Structure formats: C-alpha cells, structure tokens
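A.B. asks: Could you put together the complete structure from these sequences and hints?
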Amino acid sequence: MTDATDIKLKQQSGLGEFWYYFTRSKGAVIGLFVFALVVLIAIFAPLISPHMPDVQNQSMILQPPAWMNGGNGAFLLGTDAVGRDILSRLIYGSRFSLFIGVVVVAIAVASGVIIGLIAGYVGGWLDAAIMRVMDVILAFPSLLLALVLVAILGPGLMNAMIAIALVDLPHFVRLTRAAVMTEKNKDYVVGSRVAGAGWARLMFITILPNCLAPLIVQATLAFSAAILDAAALGFLGMGAQPPTPEWGTMLAEAREFIQRAWWVVTFPGLAILITVLAINLMGDGLRDALDPKLKRS
Amino acid sequence: MKKLALLLAASALASAFATSAWSKTLVYCSEGSPEGFDPGLSESGTTFDASSKPVYNRLVEFKRGTTDVVPGLAESWTISPDGLVYTFKLRKGVKFQTTDFFTPTRDFNADDVIFTFDRMSNKDNPYHTYVNGGDYTYYSDMSLPKLITSWEKVDDNTVKLTLTSPNAPMLADLAMDFASVMSKEYADKLAADKNMIQLNQKPLGTGPFTFVAYQQDAVIRYKANPDYWDGKQKIDDLVFAITPDAAVRMQRLKAGECHVANAPAPADIPGLKGDKSLTVMEQPGLNIGYLAYNTTQPPFDKVEVRKALNMAINKKSILEAVYPGIGEIAKNPIPPTMWSYDTKTEDDKYDPAAAKAMLEKAGVKDLKMKIWAMPVARPYNPNARRMAELIQADFAKVGVAVEIVSYDWTQYLKLAADPKHDGAVLAGWTGDNGDPDNFVTPLLSCDAVGSGNKAAWCDKSFSEVVKKAAEISDKAERTKLYEHAQAIFKAQAPWATIAHSLVVLPMSAKVKGYLQDPLGSHRFDGVDIEE
Amino acid sequence: MFSFILRRLGLLIPTFIGVTFVAFLFIRLLPGDPIIAMAGERGVTPQRYQELVQQFGFDKPMLLQYFDYLRGVLHGDLGTSITTKRPVLAEFRNLFPATLELSICAIILAVALGIPAGVIAAVKRGSWVDQALMGTALVGYSMPIFWWGLLLIIFFSGYLGWTPVSGRISLMYFFPPVTGFMLIDSVISGQKGAFLSAASHLILPSIVLATIPLAVIARQTRSAMLEVLGEDYVRTARSKGLAPFRVIGIHALRNALIPVVTTIGLQIGVLMAGAILTETIFSWPGVGKWMVDAVFKRDYPVVQGGLLLIAGIIMIVNLLVDVAYGFINPRVRK
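Chains as they are written, first to last, in the numbering used here: chain A, 1 to 297; chain B, 1 to 531; chain C, 1 to 334.
Take the hints with a grain of salt, since some may be wrong.
What the hints assert, rightly or not - A partial selection of chain C residues facing chain B, derived with a Cβ cut-off under 10 Å:
| hint | residue |
| --- | --- |
| 1 | 46 |
| 2 | 98 |
| 3 | 100 |
| 4 | 168 |
| 5 | 171 |
| 6 | 174 |
| 7 | 178 |
| 8 | 284 |
| 9 | 293 |
Claimed, not checked - Listed next, with one range per pair, are the computed distances between beta-carbon atoms:
| hint | chain 1 | residue 1 | chain 2 | residue 2 | range |
| --- | --- | --- | --- | --- | --- |
| 10 | B | 166 | A | 158 | 40 to 50 Å |
| 11 | C | 55 | B | 100 | 28 to 38 Å |
| 12 | C | 13 | A | 61 | 31 to 41 Å |
| 13 | B | 230 | C | 89 | 50 to 60 Å |
| 14 | C | 89 | A | 186 | 10 to 20 Å |
Derived by calculation from the structure, the hints in this document are not laboratory data.
None of these values were measured; they are calculated from a predicted model.
Beta carbons: idealized from backbone N, C-alpha and C, even for Gly.
C.D. replies: What follows is the structure, given as structure tokens:
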C-alpha cells in the first residue's frame, strides 16, 4: 500500500515539474496554444464557419479570396470548383484531421502497448515471432504499405486510419518491449511479484506507468505523422472520399486548378502544415520536459 | 538563382536552334503509357494511338476525320453476291519500315495478311500466346471467331476472306486498330532469335511513322517513314510525351513543351479557349452514358415504371454539373454523329409531377432502389458519383428513395453484367468502328444479356431487327431497320439515356491540318507544323 | 565481426520470407478479380475466363500458389505485368535508376545542407541562429511534401517559368540510356545543353524529396553535436586552447557523425515513401509512381513484385547501415 501512495506522490510532483519544464520552451507553449485553437475550431465548427462545408454555389465558382481583385467578402478564403466556401471546408476539415490523429494513435498505442508488453514480459519464441512480424511491417515504406492496405480494405477514411495505425504499430511495440525488458528485473517489479501480484497487475499497473514517458512522446509524433499520412492518402485518392472536407482530399480535388486558382491549393496545405507543426512543437516540448535523457535523441 | 536561370534559358535556346534547323518535331502530350505495341492485344485507345495509328496500316482504313472506309493496304476489293466471300487486291510495292533493329528484305505481300489474322485465330500459331496473359480480345469481342471461316492466300497480291454468314460491318471491323497488318518476316526473325516478345515492344509496320524508342512511362519517339507508300509525312519527328496528370499536360502545352495535349480537365477548357496561341478543337464523341434499369427485377420489369423514372430525371442539370460544356443530352442509344441516328425520336420530357402520377398508377409506392455509380471517370461519364447524387435528388422528388452503391471497378463490371444484380446501373460505351451495330448488338441484344446488356433486356422484336440489319449491306435499308430499332428502344425504355460527351482537344495554333477522329483516336499523319 | 554479420543475416531471412508472404497475401486479398481487371470494360467469355484462371494458376490451392511464387522469386521471376505484359523485374530495372538518381540527389542535398545547419545550431546553441535553423527544420519536418511540391511548381514553373514542369529531360534531347542516370547519360551523349536540361529537371523534385530527410539530419546533427561538445575530451581540448574550428571540425564532428550516419541510412524508407508522392507530382518515371499506378490499375503482379523489391532494397540498406555501425562502434556487436 505504501508503494502505491509513494508513486502517486511522485507523479504529482512529477506533473508540476513537467509543467515547469514544458513551459520553459517557448515553442512548446506556442504549439500548445495553436493546437488548442485547432481543437476549439473543430469543436465549434458549426458555430464559427460562415457556410455549410458541402453547400455548392454554382454562381460562385472559384472565387478568389476576399482581399483579392474580384474577391467576395462572403467567402473569406475564396471558393472551390463547385462554389463551396474554402474557409468553411477548412474549419470542418479540422475535425477530420484531429479525429484521424486521435483514432490512429488510440488504435496504435492500445494494440502496440499490449503486444509490446506481452513480447517483453513473456519473451522466448513468442517475443521472437512478434518482433519478426514487426520487422516485416517496418521493411516496407510506410506510405506504400498504407496505400496497398487501403486498396485492399477499400478507399475511405476509416480504412485509411486502420492502415496508418497498423503501419505505426511497430514503433509502439518496440518501445514498450524495450521498456518492459529494462524494467522487468528491477527491484520494485521483483518485489511486487514476490508479494504475489498477478501478471496482468504486474504488466499494466506496476511496469507500464514507468514506461509512459517515451510512449507519450512517440504518441505525439504518431499523432502528427498520422495527419500527414492520411492527407497523403487522401491526396492520392485513397483516403477520405470527396466530398468529405478532409484537407488532403481537398488538395487532391484542387490539383487540376493549380494554374488557375492558387488559393484552392494553398490553404488546405497551409492548414495541414500549421496543425502538424503545432503538434510537433508540443512533441519537442513534451520530450524535453518528460525525460531529460531523451532530449538528445 | 537568377543567373542560373538565365544560363539555363540561354543554353536551352542555343540547343533549340541547333536542332530545329533541320527537323520538324511534333510533340503530343498523351494521357498514359501504352500497354504494349501489338495493337492486336489491346483494347485501349492510348495503346492504339501509340502503335496502330503511327506505325501500322490495315487492309482498309478509316478516312482521316471520318468513319468512312477507304482503301489501305488493299487497293480494292470485291464482295461475292451472297456476301460471304471478300477478295482483297493488295497494294504493290509497299515497304516495311527499316529500323536499327530490323531491315526488311521483301515488300509487303499476302503472307503478312495471313499471318496477321492467323495469329489471332489459330491456337497453334506460336504468336497466338506469345505474350503471357495477352489475348486477342478485340478479335473475339467483334465475334470474328464465329463469323470468319478462313483467310486464304490466292497469290502474292490477293487474299480471300470467307465468312459463315453475311455481315455488313465486316469492312469497318477490318479498319479497326486490332486488324493492323504485321510483318511476317519480322515476326519470323524474332521467333528464330527466341525473342518473340519484342513484337509487342518494338513495333514495325508499313505506317507513316517509324518507331524509334520507348522510354517507359516517359517518352515514345517516332520518325517519319521515308518509304511510306502514301508519301513521306510533313513532320520529321513525332514525340509522345507521356503525362498522366491533366493539369500538368495543360501546363506543358502552355509552356510550349508540347504541341497537342489530350483530354483537358473540363474546368480548364474555358481558359484554353481564351488563349490566343492555342486552337481548341471539339467534336461530339461516339459514345453514350446511360442508366440501365434491371428489366428483370420488379418493379423495373414494367415499362410504365421505367418511363416514369425517365421522366423524373432532370438531364439538363446533370449536363451542367457533370458535363460542363462538354456534353449533349442523349435521347437515342446511339450518338448523333452515327449514321441512322433517328432525329425524330422524342425524348421523355422532364415532368416530375406526371412521373409521380404514373408511378402511382402503376401501383408503385415507397419504392427503394439502388443506383450503381462506377468508381472511375470514363470518357462518357466524367463523374458517375456526382451524376448518381443528382439522380438521387431527382428521384426523391417523385417519392423514390435511392441508395447509391459503388464497387471496385473490376468488381463493378462483373457484378453489373450479372442479370441478377439489384437496381439500376450507370454505364456507358464508346464506339469502335462507326457502325450502329457496334452499339445495339453488344449493349441491347438478347445474346448480350449476362455480358454487355446491363439492363438484362431481351426484346425479341428488337433483337431480330438488329440481327437482320447486320446481315444486309444496303445502307438505306439498314438505316430503316436501325430507326425501327431505336423506336422500339424508346418505347420500351430499358435505359435512361443521359448524355453524349464532347471530345475536346487543345493544340498549339502552329499545328496545321489536324483532323479530329470521330472514333476518339489521335492520328498525326497529314499534320504539319508552321515554323 | 563476422559472426555479427551472420547474426544480422540470420534475422533477415525470416523477415524476408515474411515479406514475400505479405506481398503474396496482399494480392490475394485485394478486392476485384485480376482476370476481370485484365479483360477490362468489355468483359471476357466464361470459357476464356477458365483458360486464364488455369494459365495463371489461380485454381491451385493457396499454399501451392505461394510455393510456386516463392520458387519464381528465387529464380528471379517476379511475374508479368498485367497491363504491359512485360516482366515485372525488367520494368523495375528500367524505372529504378530514375528513382535512384532522384533519391541520391535528394540525399546529397539533405546531407550538404543538414549537417552544416546542425553543427552551426549546436555551436550557437540558444542563439537566434539556432532557433531560426531549428524552427525551419521543424517546419520542414512537418511539411506535407505533396503540397510543398505543388507550391514549388506553381511558383517556379508556373509564375517564374524558371524550371520545367515535369519529366526528366527536355524532349529535344534524345540519346539511348547507358546507365539510366540522366545526368550521366547526358554527359556521355555529348549533346550540348543536355546535362543542364537534365539538371534543371532534377532541381524541384530533389528539393521536395530532400525536405524531410534534411530536417531530420539537421536535428540529429545538432543533438549529436551537443552531446559530444558536452563530453570531457572536448572540454579538455577547448580548455587547452585549441582553435574552436579544430575542436568542432575534427574532434567533435567526427564523433557526432556516427549516429548521424545511421540516421542517414535509415532515411531510405522515408525516401521511398517520399518518392511515391514526389514522382506522382512531377510525373517522374520512377518506381514510386509505377507502384501507385499499379495499385490503381489493379496490376497485381506489379504491386506484388514492387512491394517485394522495394522492401528487399530497404532491408539490404538497413543491413549495410547496421554493419557499418558495427564497424564504427564495436559496442553494438554484443
């Protein structure tokens, strides 16, 4: 019992320490701020977007942004090829990007951690088999593997997310396994085992919390990578399907207008870049704050 | 950076002078890579553009810019009174091309013709299966295995074709790309070298241009055939710059990197038309996009229901949204540029109220149906998904709930061909040879149920009429029969005919003498460039 | 050392078998029927369908098909493309030099800019130079490169007209491929301006493909340098009054480069993923675009063979990196 309270205390002070280090990095704070903004935009999309994302306005096709010659105040960032408001589509698109990030990371972390724990804890042939399977996944370029997987599952947002999660899986498995292997023979684990803790308790309650730091950092990286990969798949026509206002899909649709209407190409990409950049800034901050040892990797 | 750009520009200019002084080069930005160079093995227009059109000739040819059949390698021909025997007199002194990979020792003769068709029909010909998985699909698609009894060599300059039954479209079939005449001497040499596959990689024929080189997925090069029997071409070099992306193709055209660019995106057409340095040609395509009801499935087995649904479709708005500036409304199953097209046909008029009443009268209430939308853009339907959504909205107005379904393209073709499929299918067709038979028989006859007849519509009287029309050769009489067939079709309404699309081809204003092919291919014989 | 290489190879074999199995299985799982895909819109008669099923061996039990396939792979037969009817291996050999040329240019660009940027940032740690460099690196790292490529095309090819729109060399030049590398072949051909033309076609795609590796290398170099600069012997060297250039250039950089070299080697997977997008945008006739096209055209043998070849190359490169790392750093040899 005393063990548990000790850990709790440690965690609390750890949180304070973490926040202290995290806020010391200007980039991380900016990243957090922008990311929070994107989250708010996604949540309140129906309230703030000036138009519906799917409504086509046949008389307002390819209107330039409001500040340009011929721009229209009603369409701040212009309209696309079928007269939809780009700003509104970008606002609604933030929902998809965040959703993609959350789902992919959730799937990859949950399954990756479980598989990694098992591999690391059980060891032996099971460990070897799992790690060879992970090697196989890692042997393919991630985007190519995701592309073929989506072709198998059928194009669509959900399938794209599953494919990306699968491609991300080995990183979490390896990380968890490595952490478990170092932790498993430490005194506190051995102590718990002697005290009669079951394997599940050992794995999830005793060992796992002590491997969290690198996992959180990796999860942040995976979050931004998932958004990029989903956008790339959408761009190749294998992700979210039109008319979904997913940013990558918007770019794919916009491609045919690159010489006529730069705005339909520029803004969705900018939205992707800003969101991913914010998350990566946060990720750097998290890494520095969570584990000074990881600072340099 | 600026200096570098200047340097690049200067060097490009210098070398431009260096090469253009003695050669006229036409660059065509094509939409994709050819599958190979043996036109017999292919069904794709991209492959024909790159193989049969420049490199080969056929016994008979389509006159440039028309679907009229004119003499090609056959100078003349006679048809026996019963319509069963065709005798072709071959042109003399026609030379096969001389290239760095083959030098012919003899002129074109009857052996080449026999070889060409024997390799398609005779399972024992070594060239019948020389390409793994390659198939002479067009030959069998045009029902030639059933129609042709034999090809015989009478003498070096005469060949005789015997049919099992009279067939009016036969000459047009022989003008098609798959019937391109190959060199037997070249094929024999490749067989002796154990390198038969080269026949599909380095083509050699009698055509206006000689194949020079193909760099996969990038460039195909040809030069004018100096020995061409119809005279050397005005341009010296022909280059296909393979550019799959429509936007990039148009950019290259504008940048002067190519002279002719295929298949512009509909959105770019107004901009291209506004460009003074370009000519934009357009022509109605030989195609049709339609919605085929499954006429074996209730309630679509009732004519009134099909008619009512046809009246509920607002084709005008479909045209604007799916074919912006590149289509016209279809009322017949064959396109208006085809002979025997019945201009008198009256289209179902758009009238949702009347349609609703008709459905009620037919006892159809709360109908739920599926509409199939193909997952790919086709020449006859650039955006099936959007079309399905519009029809869905139209049908909702008459109380019919539509679920849009789609499958992987290959799956789609397979499932839609099955007469047991559920609902109505968006489909289409592009003509092969300019004969009306090429539309009505594969798409609407009883024999085509289970393959091309996606409405699974078997109307005895219709099938008989089109069968008869294919057997006689008098064009006036055939026209009458096809007009009759169109009337039956319209009365029975197995399809909602939606649209015929336009074929748009932008090119540099310097290109002279280009004629658009109604069959949708791209030919550069007879074309010139103004310096 | 020898046993270390052997051990690595031993790990590689089950992975490679796994890769063949995955590539094989994927194709069987892809929706759609390969024979229907071959036949196209006009369909195929049931009789001919059966013939083709037999010809391709699709009627055999799955396991037997797999062993047939494996035997083919070991004999260098990766099947025949459905669309072009040419051997997959021959197509790959034709197209791979284009990808390789682009990748080499990109990695040179990434190393040439990334290492100095990382070193400068580490030396000037905390200064505005460091912040600007690392900020830029993070932007590069976060870049959706397909969009980046489109922007560069709009600006440099469309607006300024400085660079060509797509392709590997101006259509004016024509010479037979000798090495498959346009830069080298253009020199061999001796045609005036050909080299410059080939180089100008490479500029934008290389920049796009180099973006992410450049960012990764710059960040990695900086942190490796920081670590080394903090170590005793460097401090000692500094305190002895050695010129900063000597300290940084000779002592620190040499040691810092070890992990950086590994990073560079591991970028091959990133490069291949990037090549898929870059080649698609620039119509670059390489294996990346070839694979994307094959996935869309349902050209099963190409997807299968391409996956295998690309995975094989990545595995070999990773092995070489491992071995090289083992040479430099004996500790990892265990």
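A.B. asks: It remains to establish, for every hint, whether it holds in the given structure.
C.D. replies: So, going through the hints one by one against the coordinates:
1. A hinted interface residue such as residue 46 of chain C counts as satisfied when its beta carbon comes closer than 10 Å to some beta carbon of chain B; here the least separation is about 9 Å, so the hint holds.
2. Satisfaction of the interface hint for residue 98 of chain C is found here, the shortest Cβ-Cβ separation to chain B being roughly 8 Å, below the 10 Å cut-off.
3. This hint is violated: residue 100 of chain C has a C-beta 15 Å from the nearest C-beta of chain B, more than the 10 Å allowed.
4. Here the hint on residue 168 of chain C is kept, as its CB sits about 7 Å from the closest CB of chain B, short of 10 Å.
5. For residue 171 of chain C, the shortest C-beta to C-beta distance to chain B is roughly 5 Å, which falls under 10 Å, so the interface hint holds.
6. Taking 10 Å as the C-beta contact cut-off toward chain B, the hint placing residue 174 of chain C at the interface holds, the least distance being around 6 Å.
7. Given the 10 Å rule on beta carbons, the hint for residue 178 of chain C is violated: about 13 Å separates it from the nearest Cβ of chain B.
8. Nearest Cβ of chain B to the Cβ of residue 284 of chain C: about 9 Å, under the 10 Å cut. The hint holds.
9. Nearest Cβ of chain B to the Cβ of residue 293 of chain C: about 8 Å, under the 10 Å cut. The hint holds.
10. Residue 166 of chain B and residue 158 of chain A have their C-beta atoms about 57 Å apart, which leaves the hinted 40 to 50 Å range violated.
11. About 34 Å separates the C-beta atoms of residue 55 of chain C and residue 100 of chain B, a value consistent with the hinted range of 28 to 38 Å.
12. A hinted range of 31 to 41 Å is violated for the C-beta pair residue 13 of chain C and residue 61 of chain A, which are about 58 Å apart.
13. Against the hinted window of 50 to 60 Å, the Cβ-Cβ separation of residue 230 of chain B and residue 89 of chain C comes to about 41 Å, which falls outside the hint.
14. The supplied range of 10 to 20 Å is broken by residue 89 of chain C and residue 186 of chain A, whose beta-carbon atoms lie about 51 Å from each other.
Checked against the numbered hints given earlier, the structure breaks hints 3, 7, 10, 12, 13 and 14 and satisfies all the rest.
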